[in-house]
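> Each chain, letter by letter, is given below.
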Amino acid sequence: MKNRTVLPNIYLIVILCLFYLPIILVILYSFNVSRISSVWEGFTLDWYRELLRDRSMFEALRNSLILAALSSAAAGVVGTLGATGMARRRMRGGKAMEYLSTLPIMIPEIILGLVLLVFFSALGLPFGMVTLVIAHTIFCIPYVYLMVKARLAGLDKSYVEAARDLGASEMRAFYDITLPLTAPAIVSGVLLSFAMSFDDVIISVFVTGANTNTLPIKIYSQLKTGVTPKTNALCAVIFLVTVFLGGLSAWIARPRKKDINI
Amino acid sequence: MDSPPEEKGYKHITIIWEVNMKKTGSVLLTALLLTVFLAGCGGEQDASGSDRQEGGTGTTASGQLNLFTWEGMFPQELLDGFEEETGYRINYVNFDYDETMLAKLEASKGGDYDLVIADDYIIETVIAEELAQALDTSRIENYGNIDAVYQGQFYDPDDQYTVPFGAGVQTIVYDPAQVDITINGYADLWDESLADSIGIIANYRVIDGLALKVLGESYNTEDLDKIKEAGDLLKDLAPNIRLIKDDNLQDDLISGEVSAAVMYTSQVTTAKLANPDLEIVYPSEGIGFGIMAGFIPSDAPNADAAYAFLDYLLDAENAAAYFEYLGYYSTNVAANDYLSDDMKDLLTIPEGYATDMEMIQNIGSEAEQLHSTEWVEFKTAAGQ
Amino acid sequence: MMSKKNRQSARESGASRLLVAPMYLITLFFVLGPLIYMVVLSFQQRAEVWGVENRFTIGNYLRIFEPVYMNTFIQSLKLALLSTALIVLIGYPFGYFMAKLSTKWRSRAMFALIIPFWTSSLMRLYGWIIVFRANGVLDTILMRFGLTDAPLKLLYTYPAVVTGMIYVLLPFMIYAVYASVEKMDWSLIEAARDLGASPVRAFVTVCLPLTLPGLFSGVILTFIPSMGLYFIADILGGNKIVLIGNVIQEQLMKAHDWPFAAALAIVLMLLTSLLLFLYGKITKSDSLEGLI
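Protein chains in written order, with our numbering: chain A, 1 to 262; chain B, 1001 to 1384; chain C, 2001 to 2292.
Think of the hints as simulated: they come from the structure by calculation, not from any bench. It should be emphasised that the depicted structure is a prediction, and the values quoted were computed from it without experimental measurement. Every clue listed holds true.
So, partial list: chain A residues that the calculated Cβ filter (under 10 angstroms) puts toward chain B:
#1 34
#2 118
#3 127
#4 209
#5 221
Dumping the calculated PhoX-like pairs for lysine-lysine here, alpha-carbon to alpha-carbon at most 20 angstroms:
#6 C:2254 x A:224
#7 C:2254 x B:1228
#8 A:95 x C:2281
Backbone N, C-alpha and C fix where the C-beta goes; we use that ideal spot for every residue, glycine too.
Based on the provided sequences and hints, a complete structural model is requested.
Laid out in structure tokens, this is it:
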């Protein structure tokens, strides 16, 4: 059902523009000759050249991508399974479990980070990718869980019942009916988790190891001790890559003529 | 109304499923491809610690220095120079707060890092917690270059563990073009003409201390009544405060967001270089003084690399380059000869002030608690 | 002999248990564990030099009742409620309109939203500084059009912080609402319209209740972080807007009073949970029941 009037679309566009405004400005200032952001002194590509020479930046980027992929995938699986299971049957202690699992987003990151640091240290876990993935998965699960749960809540049970009546097994019904219907929620949850993990600074600072630097930590450190346009340049690059990725996958997944118009 | 016909609904669903799966699949695929591509790129720098990171208490290759300090301390050329000269590869790890550093150092039981550079007061704790190892100064050729003025301080009275890496004072800087009065000391900051125009750093020992200084007290007093009095005095300052920020406060002074500021030395240096008309004030009441120093953690995986770095940075020319980049006072007397003329004044303490300075040290928990409570009240008042 | 229904029931709960097992295990171990540590910590006493003493004390909790800290809680609450309310106002329509777009535009909109998210939120906030600061973008535009003749000095004020909060948290609300609206059966609205309801009436009586779970999720995902996001108040508020998150950070770092910080965090957690519980009761939204 399309938007009948043009007003809703205008609303969408205006909000999206406001969304992009700071980013556009950040990108603009990456070309600034002056180191200080408050003064514009001229156009230059120097910062980008400096960026390319910085190999620690690439390492950090790689680490962040791997971390985000692993965490959001893990959270996606665990969260979806959990939400589905919870929705089907009232589990003993289900409410408590649900509350507990959403706690990580209720606790301020700084104390969660510190507490995890001490906890992991007590467990003797090696600080690095292992602790990072665990920590990130913990705070990503709530996102997936809540999204899927909300989606399942409004789902018409008759679909599943119909399938069962037609003879489908549990697994079949889940795989063919429930999963596709909750797919948008799962995708939203995973994408959001990826973004949260990719952007996480505070918890990462605490639980990372000496040899594993992540991109947001690097940016954060740079912001703290001297914002140079190099950081802006980095963000510009990330932005472009993300846009490219998004465009690419949208192009791959474009509805073709043979797909039925939904 | 009947429920939707099963067949049509079923088809409907599988189509959504396929389309969504394709989308998700393609996104994940491209993300994966990108990750692999980047992994390939980053793979050139082999012997990269990232591949070998799970050695908790650090089994790093013999060729790596794990340097743990704030970001932006060294110019890239200096770091590259070290790598070329010695063959060690620098793994530059950052922390934001000294306390984070200590927490991590404790968690790794003094391992994981080879050289740590942090603030004086935290090093006092590090040494007390036995997380630093005594330095064998005979291994550092350039040790004699250290300016004796900065040694023998409260955190390491016998200079057993540390090498100074810069000193700073918190000074007032203001723009005479925007400020009508002449500022000579802290007390002038309370002037009404400065309403909503002062920026201060977010360090509550420094700012509470500002008021203590006006009252004629020591930064490190444990007298709770005096601290309370200072807190009340500070609240009167609240209307004049526009901004409380630790990082890059100089930007706001330069851009005109604030017309006066109490800042760290490195920020003062940057500001003055950007706008030579700014006035730097060494407050008449006396100033707070701090030293950054480097130490080797007790269980450092590669102490040899740390010694090499210490020696490298104590070399007069290297040190000069370091201090010019950093913007803090030079703690290396040999380096002073190599400082460029326009930077020399900014990087050395003016004559006569060496006696009027007091270092901000750790205080007891009761006094600390009161300080932090007063600080929150002050900030809240500033936000009204 | 077990009836077919019983056997099916047993198998169903078995399968359900398997499904929730990973979540249960991870939660029990990696969430409950640290949580217990945090609770224990909150009853300890900060040691003189560093760390904690093994003394039991409720002093930390008592300290929270000091007016300055109570005031901070109230401040945080006000800001969180204000931000959340504005986010609902802005985000719900967005999610709603987005769900009504055609399929290809829908996924485009979804990606358009997530892309800024992947650029560091810190940098994006700095982008807002460029907008808000004296003689920045906002001032330049307003002065160019003659609406104001002096810099607004909007930076480091309360409105700037609220803007930052909304900016950072809006996508959560949008996604949650979108996921819920998207799967709604539009024929129900059509039915209501056919029965004579005005568009507004149809919306309020049909659409709104059906999308409540999504709204609820959105509120959870928005309100909770808004109580703890201190870096926005730092960066855009010039540190003058003191939130509980700021206090916790400061207590943890500069004051190294871990027990007090833990106590604050636990109170914050309980407060947030209480509010969410009340909210759930008022909206009578309990997603589990939607499935029966």
